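Number of protein chains: 2
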Amino acid sequence: METKKKTIGILGGMGPLATMDLYKKIILSTEAAGDNEHIRVYIDGNSAIPDRTAAILSGGPDPVPEMLSALRNLEACGADCVIMPCNTAHYFLPRLQEQTGLPILDMRRITAEACAGRFPGKRACLLGTKGTIAAHIYDEALKAAGVEFLTPDAGEQDELMRLIYGVVKASKPLEPETEAWHELLTSLIGRGADYFILACTELPILADHLGHPGPFVDPTLELAKAAIRFCGYKVKE
Amino acid sequence: METKKKTIGILGGMGPLATMDLYKKIILSTEAAGDNEHIRVYIDGNSAIPDRTAAILSGGPDPVPEMLSALRNLEACGADCVIMPCNTAHYFLPRLQEQTGLPILDMRRITAEACAGRFPGKRACLLGTKGTIAAHIYDEALKAAGVEFLTPDAGEQDELMRLIYGVVKASKPLEPETEAWHELLTSLIGRGADYFILACTELPILADHLGHPGPFVDPTLELAKAAIRFCGYKVKE
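First to last, the sequence lines map onto chains C and F. Residues 22 to 258 in the working numbering are what the first sequence spells out, letter by letter. Residues 22 to 258 in the working numbering are what the second sequence spells out, letter by letter.
Among the hints, erroneous ones may be present.
Copies of the same chain look alike in the list, so a pair counts if it works inside one copy or between any two.
With a straight-line Cα cutoff of 20 Å, these simulated SDA-like cross-link-like pairs (lysine to any residue) come out [as the list claims (entries may be wrong)]:
no.: 1; residue 1: K193; residue 2: E52
no.: 2; residue 1: K45; residue 2: H230
no.: 3; residue 1: K257; residue 2: G167
no.: 4; residue 1: K257; residue 2: A191
no.: 5; residue 1: K193; residue 2: V256
no.: 6; residue 1: K246; residue 2: L38
no.: 7; residue 1: K27; residue 2: R93
no.: 8; residue 1: K27; residue 2: E87
no.: 9; residue 1: K25; residue 2: S90
Rather than coming from a laboratory, the hints here were simulated on the basis of the structure. Here the structure is a predicted model, which means the values were calculated and not measured.
Based on the sequences and whatever the hints tell you, model everything.
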């Protein structure tokens, strides 16, 4: 590469496994034949960031100060861009972006464009936390890309929250949830879903293990690929 | 927790997948019921660190300046300890330790103690890069813990280097190597190995995927557990 190589900062910890999953997807999606051909990646897995859904929906503590603490560390390391492996956290992106000169790559816009490209004219089902759905975090990006979508009903949403908080974030075994996961998706297909947007970073972890044909759009993977391209590296297809 | 929570700094990138593997093992081995009960982890996945084996054996570029660059970043983030997911890199630990006040947890000592505890009186086979074996990086720690061990012969060592550099570090598919991996271990068992020390951080990635009964001691996992305990958190058994 002729120009100075660019680096990635991951504002992570929301949760830790999702942060690891994003790092893994960056590594596996980079065209590289050895250690030195990979992108330099800085991670702050800040486990002290308060829950984003609780902050949005029920007056829980503001996560922005701890997110800023991580952002400052990524700046100190010399990151050229910032990515956040938490969809709900994108609610706070404007407040973070006005505090830093580093570009924060927007997972919602990147995902919406991937949906429009891969499934033109089809109807998405947006799967996420209650915070992501109720605060309409994805709506603007999906509308801008012309993506039609439906969301889970109240019962489906409760089941999704159980899988996210009671299983993945609680580091419980995933396999016993295979039937619950398949039932949930079947119910959503019955209501008109043509494909699924896994718009909570814990969900690709479930989906990668529990074998359902989907089809899925994985925002973590799309964000990884966008960050690789931002840094001037080649995506391995 | 009553006292201030301690954090971990991972001096990584040697290689990236091994760094991801260590982070994953820290997360999965921490007793935690939600995001906020995990340890704050800082990672510098510095892909610019020159190859350690080449530096030790064939006059390749000194990796210490780039390792120090990562160490300074981890200091700037506020890490309370440093861990390095690269066994060969431990050759340079004394030079790094004299440049920082942060404790660098020594994977070799931690691994040797795990071996002595789990397999008293048995003979280990030490698997690692040519750099790790030829520079006797583990020998002192194993002797101090009273662990008897053998090392691969020249042909076995070449095959091991092919698996490490030609497969894992090259991000090639692992499954086609199942037979090669099993043959290598069978040959070493024939020469008197009772168990295997996976003393290159790319090897647990192979071993986790290619299903051989071992038994194995995984220095990455032992290092993860030691770092969890250093920070005052509970290891999930």
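Under a CA distance limit of 20 Å, which applies to K45 and H230: within one copy, between copies, both, or neither? both (15 Å within a copy, 16 Å between copies)
With identical chains, the pair K246 and L38 could be close in the same copy or across copies; at 20 Å between alpha carbons, which is it: within, between, both, or neither? both (19 Å within a copy, 17 Å between copies)
Measure nothing new, just compare the shortest in-copy and cross-copy C-alpha distances for K27 and R93 to 20 Å and report within, between, both or neither. Classified as both; 18 Å inside a copy, 19 Å across copies.
Within, between, both or neither, where K25 and S90 count as close if Cα-Cα is 20 Å or less: Classified as between: cross-chain Cα gap 16 Å, same-chain 27 Å, threshold 20 Å.
20 Å Cα threshold - placement of A191 relative to K257: between (32 Å within a copy, 12 Å between copies)
Alpha-carbon proximity context of K193 and V256, limit 20 Å: between (32 Å within a copy, 15 Å between copies)
20 Å Cα threshold - placement of E52 relative to K193: Cα proximity of K193 and E52: across copies only (11 Å, versus 33 Å in one copy).
Identical-chain pair category, K27 with E87, by Cα at 20 Å: Cα proximity of K27 and E87: across copies only (16 Å, versus 25 Å in one copy).
Is it within, between, both, or neither for K257 and G167, if the alpha carbons may be no more than 20 Å apart? neither (28 Å within a copy, 46 Å between copies)
Consistency with the previously given hints fails for number 3 only.
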